[in-house]
Amino acid sequence: MNNGATNTNGNGYTLAVHVRGVTKTFGKGEAAVQALKGVDFDVRQGEMLMIVGPSGCGKTTLLSVIAGTLEFENGEIDVFNHSLHSLKPREVTAFRKRTVGFIFQQFNLIPTLTLVENVSVPLLINGVGWREAEERSAAILAKLGLAGRERNTPAQLSGGQQQRVAIARALVHEPRMVICDEPTSALDKDTGQQIMEQLRDIARHPERCVIVVTHDNRVFKFADRMTEMEDGRVQRVHENPERISEPLNH
Amino acid sequence: MFRLALKMLLGDRAKYAMLIGGLAFATLLMMQQSAVFLGLMSWTTSHLRNIRAPIWVGDAKVEQANEVKAMRDTEVNRVRSVPGVDWAVPLFFTILQSRLQDGNFKPVMIVGLDTATLVGRPALMLKGRLEDVRLPNAVIIDDLAVQRLSAGRKKPLEVGDVFEINDKEARIVGICKAERHFFGYPYIFTTFDQARLFSPKTRKMLSIVLASPIKGRSAVDVAKAIRAETGLAAYDENGFGWATIWWYVRNTGIPMSFGTTILLGFIVGIVICGQTFYLFVLDNLRHLGALKAMGASNFTIATMLLLQAMTVGVVGFGIGAGLTVLFGFGVLDKGMPPFMMPWQLPVGTFIVIMVICVFAAVLGILRIWKVEPAIVFRG
Numbered sequence: 043m044n045n046g047a048t049n050t051n052g053n054g055y056t057l058a059v060h061v062r063g064v065t066k067t068f069g070k071g072e073a074a075v076q077a078l079k080g081v082d083f084d085v086r087q088g089e090m091l092m093i094v095g096p097s098g099c100g101k102t103t104l105l106s107v108i109a110g111t112l113e114f115e116n117g118e119i120d121v122f123n124h125s126l127h128s129l130k131p132r133e134v135t136a137f138r139k140r141t142v143g144f145i146f147q148q149f150n151l152i153p154t155l156t157l158v159e160n161v162s163v164p165l166l167i168n169g170v171g172w173r174e175a176e177e178r179s180a181a182i183l184a185k186l187g188l189a190g191r192e193r194n195t196p197a198q199l200s201g202g203q204q205q206r207v208a209i210a211r212a213l214v215h216e217p218r219m220v221i222c223d224e225p226t227s228a229l230d231k232d233t234g235q236q237i238m239e240q241l242r243d244i245a246r247h248p249e250r251c252v253i254v255v256t257h258d259n260r261v262f263k264f265a266d267r268m269t270e271m272e273d274g275r276v277q278r279v280h281e282n283p284e285r286i287s288e289p290l291n292h
Numbered sequence: 422m423f424r425l426a427l428k429m430l431l432g433d434r435a436k437y438a439m440l441i442g443g444l445a446f447a448t449l450l451m452m453q454q455s456a457v458f459l460g461l462m463s464w465t466t467s468h469l470r471n472i473r474a475p476i477w478v479g480d481a482k483v484e485q486a487n488e489v490k491a492m493r494d495t496e497v498n499r500v501r502s503v504p505g506v507d508w509a510v511p512l513f514f515t516i517l518q519s520r521l522q523d524g525n526f527k528p529v530m531i532v533g534l535d536t537a538t539l540v541g542r543p544a545l546m547l548k549g550r551l552e553d554v555r556l557p558n559a560v561i562i563d564d565l566a567v568q569r570l571s572a573g574r575k576k577p578l579e580v581g582d583v584f585e586i587n588d589k590e591a592r593i594v595g596i597c598k599a600e601r602h603f604f605g606y607p608y609i610f611t612t613f614d615q616a617r618l619f620s621p622k623t624r625k626m627l628s629i630v631l632a633s634p635i636k637g638r639s640a641v642d643v644a645k646a647i648r649a650e651t652g653l654a655a656y657d658e659n660g661f662g663w664a665t666i667w668w669y670v671r672n673t674g675i676p677m678s679f680g681t682t683i684l685l686g687f688i689v690g691i692v693i694c695g696q697t698f699y700l701f702v703l704d705n706l707r708h709l710g711a712l713k714a715m716g717a718s719n720f721t722i723a724t725m726l727l728l729q730a731m732t733v734g735v736v737g738f739g740i741g742a743g744l745t746v747l748f749g750f751g752v753l754d755k756g757m758p759p760f761m762m763p764w765q766l767p768v769g770t771f772i773v774i775m776v777i778c779v780f781a782a783v784l785g786i787l788r789i790w791k792v793e794p795a796i797v798f799r800g
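Chains as they are written, first to last, in my numbering: chain A, 43 to 292; chain B, 422 to 800.
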């Protein structure tokens, strides 16, 4: 449900994501584990926000609830004016379809499909015709340096190239929020840097945000802000002044 | 999304081949065994097609077409006197031994036709003249008899040749085409009187009365009237056929034997298809979860899985049905084993295969339905 309002924080930034008091528990009874214990944080439009912290601190759970792939118990989440806490399951699916692009740790490219077919998936889910989907996918693959390889399968590519295909798939339907789960963990240092540069460029858009969950301290420098989590809560938020001063891409 | 689903299916060649193979085998097993069963059942009623008559009247205890309970000759007249009967003629049939030239004996089915009318005569004469069957010792043999009774001869039996039936000379005046009988014995057509001469003398020697209704009356009605008037068992041709088939279903182990094999085909199909398709879904669980995360609804994914299952079903059925038809062509020339494939058989098998595929798809759908899209974020 889009409430039509534009969220801003006290500093005048336009908010892309607004999270307040979110809790999430896995299991029941004595086996219950509370992964999120009242999380509050914001993501601004046009920024790349990194969520960092030790294993088991709730980073991926937080990413999942923001992306609408996991239900949460209490609290409020607004993503580009969609109030996830008040949406029905079918509306959440529609929200993900239109608003979210996903980049996964293991790429999750379908091995039996060609690159152009893999990239076309979000468009096809959104009801775009096969031919148009392939044209748009080929165009974005070319932008990401994979021109001429459209008919290859994922197995014919290196890890870095596969992650670029995953980026193409995440962006092809022009989502406003891109969710990245450990995007560089399966890549070597140089490839990881290249991928992060591309993600940073994607984030520098006034009506978009990129949220990255990562352990990889080699890529922290690419974040506009870093949210540090511990034991299911946000502990600190670090600003990167160098990055904040960069102009947005229109 | 459907094209995507098919590409995902065809891309996993090992599982695709396994699914197709399993379903083709299940189709072949179910369809081929059913066709042989139906062929066997059709053999039980071949009398009705080889000796054609609208109404068949037998002893009150006769339950099926291959059963002979001799009646008095006067029963023919009793049938003729029933209102609605146009004509009624006697028929004699029995199984006798014929002696071959090499000294062996072979059982044959003797059919004695009414001498005047030759009602019940063979439908198709291959050689000779039908009317010559009225000559002394004359017989018309079917093509199976040519094959069976020629043993020990330099050349196959021909019109004009003689052989022995129950130590009496029989002269071949014609060769006809007849459908093979359940007992597997060749047909020997002769006249009612001649047939009685071939057979050992007994007190009652009328096997069946063949009759026809007058114009405007149905065979079913007149058969009912004959039953009521004479107390004999009277059937219309179609009713007698079904009574015969049901008798064999009730009183022999044939349906159980074939039914078990057909059931095995169904189980093989459901196990191989269900298990392989479920494994296919499990192998693709992360990808299907990713599709869900990207906004594909459960309904869309269920439709994709159904399409994949139906596709392997159609291809597997096609291959299995093709192999069954090839088998059919192979055996129809030889006449063994029996084979009969009415259109209902492929249609029924196709429906069963589709049920198996839907079952397999539903197993996968139930699995993916419960998967949270967040699975894609787990390592």
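Calculated directly from the structure, the hints in this document are not laboratory data.
Just so you know, not all the hints are guaranteed correct.
Claimed, not checked - From chain A, some residues computed to sit far from chain B (all C-beta separations above 10 Å):
hint	residue
1	Q148
2	R193
3	E272
As the list claims (entries may be wrong) - Here are the simulated distance ranges between beta carbons:
hint	chain 1	residue 1	chain 2	residue 2	range
4	A	E118	B	M775	31 to 37 Å
5	B	L703	A	E177	32 to 38 Å
6	B	L703	A	E118	46 to 52 Å
7	A	S227	B	M731	35 to 41 Å
For each residue, glycine too, the CB sits at the ideal point set by N, CA and C.
Okay, the hints, checked on the actual structure:
For Q148 (chain A), the condition that its CB be more than 10 Å from all CB atoms of chain B is violated, with the nearest at approximately 8 Å. Chain B leaves R193 (chain A) outside its interface by the beta-carbon criterion, the shortest separation being 12 Å against a cut-off of 10 Å. Consistency note on E272 (chain A): stated as away from chain B, and its beta-carbon is indeed over 10 Å from all of that chain's, at 19 Å minimum. Against the hinted window of 31 to 37 Å, the Cβ-Cβ separation of E118 (chain A) and M775 (chain B) comes to about 48 Å, which falls outside the hint.
Checked against the hint of 32 to 38 Å, the C-beta distance between L703 (chain B) and E177 (chain A) comes to roughly 34 Å, which is consistent with it. Hint check: L703 (chain B) to E118 (chain A), Cβ distance near 36 Å, so the stated range 46 to 52 Å is violated. For the pair S227 (chain A) and M731 (chain B), the beta carbons lie near 39 Å from each other, so the given range of 35 to 41 Å is met.
In this structure, the earlier hints numbered 1, 4, 6 are contradicted, and the remaining ones agree with it.
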